[in-house]
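> Following the hints, position chain L with the ligands against chain S.
So the sequences go chain by chain: S and L. Basically the numbering used here = 1-based index in the first sequence + 1. Basically the numbering used here = 1-based index in the second sequence + 752.
Bear in mind the hints are in silico, worked out from the structure with no lab data behind them. Errors might be hidden in some of the hints.
[Unchecked claim] Within a straight-line C-alpha distance of at most 16 Å, the following computed EDC-like cross-link-like pairs (lysine to aspartate or glutamate) qualify:
no.	chain 1	residue 1	chain 2	residue 2
1	L	LYS1022	S	GLU69
2	L	LYS1051	L	ASP885
3	S	LYS486	S	GLU444
4	L	LYS909	S	GLU10
5	S	LYS486	S	ASP460
6	L	LYS1069	S	GLU69
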Amino acid sequence: MEAFSHLLEQLYYTAGTNAKAQLIRDYIATAPDPDRGWAIAAMAGTLRFDFFKRNTVKKLITSRIDPELFAMSYDYVGEVSETVAHLWPEYTPIKPLPTLSCIVDDFASTSKQKVSATLASYLSMMTPPQRWALLKLGTRGLRVGVSARSIKQILADYGNKDVKEIETLWHAVKPPYIDLLQWLEGKVDKPDIKNAVTFHPVMLSHPIETKDIDGFSPNTWQIEHKYDGIRVQLAVNTQKVEPEKALYSRTGDDISHAFPDLLECVTGNMVLDGELLVIHNAKCIQDGMQTPEVDTFNALQQRLNKKKPTKALLESLPVGLIVYDILSLNGESLTACSLRTRRNKLERWLSLAAIPRLFLSPTLRADSPDALRELHKTVCEDRAVEGLMVKRRESTYTPGRPKGQWFKWKRDALTVDAVMMYAQRGHGKRSSFYSDYTFGAWEGDQLLPIGKAYSGFTDEELKKLDNWVRRNAVGRFGPVREVKKALVLEVAFDAVHPSNRHKSGVALRFPRIHRIRWDKPATEADTLDTIKELIEH
Amino acid sequence: MHPSSWLEVNDIGLYCKPGDFYIDPMNVVHTALITHGHADHARAGHHTVYASRETLAIMQTRYGEDMADTQSEIELGCGLQFNDVTVTFFPAGHILGSTQILIEYAGYRVVVSGDYKRRHDPTCPPFEVVPCDIFISEATFGLPVFTHPPIENEINKLLHSVRVFPNRCHLVGAYALGKCQRVILALRDAGYSKPIYLHGAQLKLCDLYQQFDIDLGELIPVSEVKDKTELEGEIVIAPPSALADRWSRSLPNVRTVMASGWMQIRARAKQRNVELPLIISDHCDWPELLQTIKEVSPKEVWVTHGREDALMYQAQKMGFKARALSLVGYDEDEQGGS
Ligand SMILES: [Zn+2]
Ligand SMILES: [Zn+2]
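Just chain S, same shape as in the assembly:
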């Protein structure tokens, strides 16, 4: 545990990707198995479970520290783990500390009732930086400024391999990655993943630019709707002895358990890339070419929130998949084929297989850049669609965001003039700034909160906003400051949904600060009614 904590300390204070990579490489080279594998999992975000809940940590600390003093400390430090690490009152050092893998095993096998006591005993044998490491690790909240992608690159460099090799293996190997690490060190053969149902890293698009639209020519590009659901990957192999099926989010999280209705009905041996949506005619399908009756993102949200959906929910909000790509079929990988070829195979296969709940994403036509613009306009009138996807027909399926291959053309963002109501300190680098803002819209002479935003402004603007909050604070609720209702924020967002979680009855999708209207009086901000008119139906 000491080495892991030391690594995190150094990573935290070291700037620069190369220097960080060097630190991690040194750690991998010196730390033993299985510790180093768990450390990699923690940094890459691939740990499968929380060791303990944030709430357990809160309960432990508030039974030991006066809650008022905790609140004041948290308000200053801006981050729970660090606050607890400093405030933990007991310290009986043990040298050496249990190893990282011991700790992981311990939490994995401890019964629910004993988690809290186990955590307390660990915290009491650690220094504040070590406690911080444990708390971050255990709640899977570790951010060391190294992306999962860089971790893979570091592993590739460590073993002198191409990062693509790591990418393909990544989702088939599990923490603590002993086989992977030993292969990188040349000690064992490459892990065999041929028959495993695994996540394939997805190919992503770039926002379209004017020059791309101007350069549009009909035969080079394939046009589709950009759907307003979530991107998923459906990986199925029912042709082997032990059939496997899995539904992954675009980041590789296994979300199968939440969508039994979809998984139940699929058979075959393939990996599909598509959009998950609530589709009311999902079950009645003959050949995959029907028009899906798509519901809103808000409807899907209700399914996403339920880890174990009830029968009634499965009935009232059935999901389906609009398929737009195929990555492998009958054991043959198609990622090196062009989109043109993949699309042909997909169409042929889907019309023959006729699997319920799977729909083919239709392609659209435009003969010129102007026709494309016209098409975008028409498509965006339908609020259930987010815009257009424009994909190069010759594109191979390349994980990551290759340049010039796929473009997304989103509907223009909506904006609303809202009034800042509350502010809260941010996290990490921003923990000494009030950087999270709750804003509201008018109903009569009352402001009702409609959302929260913490992005969209520059560092310079953040300083000004922080300063404004401090000068205009009128109340305090724990770490939250209530402010004078005087500052208008122009908030951009992608859509409005009805919501019963907010008193205002609306929820904004992806709200971010578009402009700060220092000039605009709060009384001239928008009303709730204006916003409700934007709700999609």
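Leaving out everything else, chain L with the ligands in the frame of chain S:
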């Protein structure tokens, strides 16, 4: 008469009406009693200044010989008379020459702590517990998250880093008055005998410390080093403001170090792009603040200079009357000794 009727806080600072003097005033006044030489306590231009010999010397070094028309050196522990008010200075353990001030009037004893700490500091006598009715305490680190580790630990971190990164110039940000000299002395105590290199802003005060017979070992101004690559693997001390400015760019392969009590909080260290934070403070940490309040055991605690909320809350929990005293001029980031 209760002190709240004759001790007042105004735009200038803490004013004692019956004695007609200010303590650590921020604007020019006729009579100023100065607890110590940090800029948020000692300003230039008063008519008459009362302070310790060291504090007067510090003020002269910073503001010139004529920093006040009349400069009266006090003697620790000896009472001075201002009308019916008796004033006595006691050591505060904060920096060279630092004092607390006891004010006695109308049967009440009030102690103004200035800034203080309880840890050993070779440059000044230790804080003295002065019994009183009202104790005006600073609260720079007045939150339970602040517990300062022993200075030896932090200095070892620095020496360890110098060993691990022998090609990097270790640039340590430390305030010119107090912190800088304390870091140097702790390095010497740990057996570091190589020359230590200084930014120009640190020179005059280090000279002054040496004049007070505090041996800082060999110090070399960075400006006298012709070939700056010689500073690889060396320790350079500069004011915190110099860490990110043009001056530091002339140094080779810099590793940024900062010595301050604030370094305990990750985000604060990160904000300043510090690679190696050293938690070294010239103020009390939270346990020491509580220990002091217990030992002084006044009837009332007035809290100023920092995070008043938490210390007031805690003092009340401990059974003391407590109130916040908002003094002007305090700025945690600008102030010297944190
Ligand atoms: Zn001060
Ligand atoms: Zn001071």
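> Could you run down the list of hints and mark each one as holding or not?
Taking the hints in turn, this is what the structure says about them:
1. A hinted pair counts as satisfied when its Cα atoms are at most 16 Å apart, and LYS1022 (chain L) with GLU69 (chain S) does not qualify at roughly 27 Å.
2. A C-alpha spacing of about 5 Å is found between LYS1051 (chain L) and ASP885 (chain L), which places the hinted pair at or below 16 Å, so the restraint holds.
3. Distance hint between LYS486 (chain S) and GLU444 (chain S) is fulfilled; the C-alpha atoms sit about 14 Å from each other, no more than 16 Å.
4. Restraint check for LYS909 (chain L) and GLU10 (chain S): satisfied, since their Cα atoms lie roughly 12 Å apart, inside the 16 Å limit.
5. At roughly 23 Å between alpha-carbon atoms, LYS486 (chain S) and ASP460 (chain S) are farther apart than 16 Å, so this suggested pair is violated.
6. Pair hint LYS1069 (chain L) plus GLU69 (chain S) holds up; C-alpha atoms about 11 Å apart against a cutoff of 16 Å.
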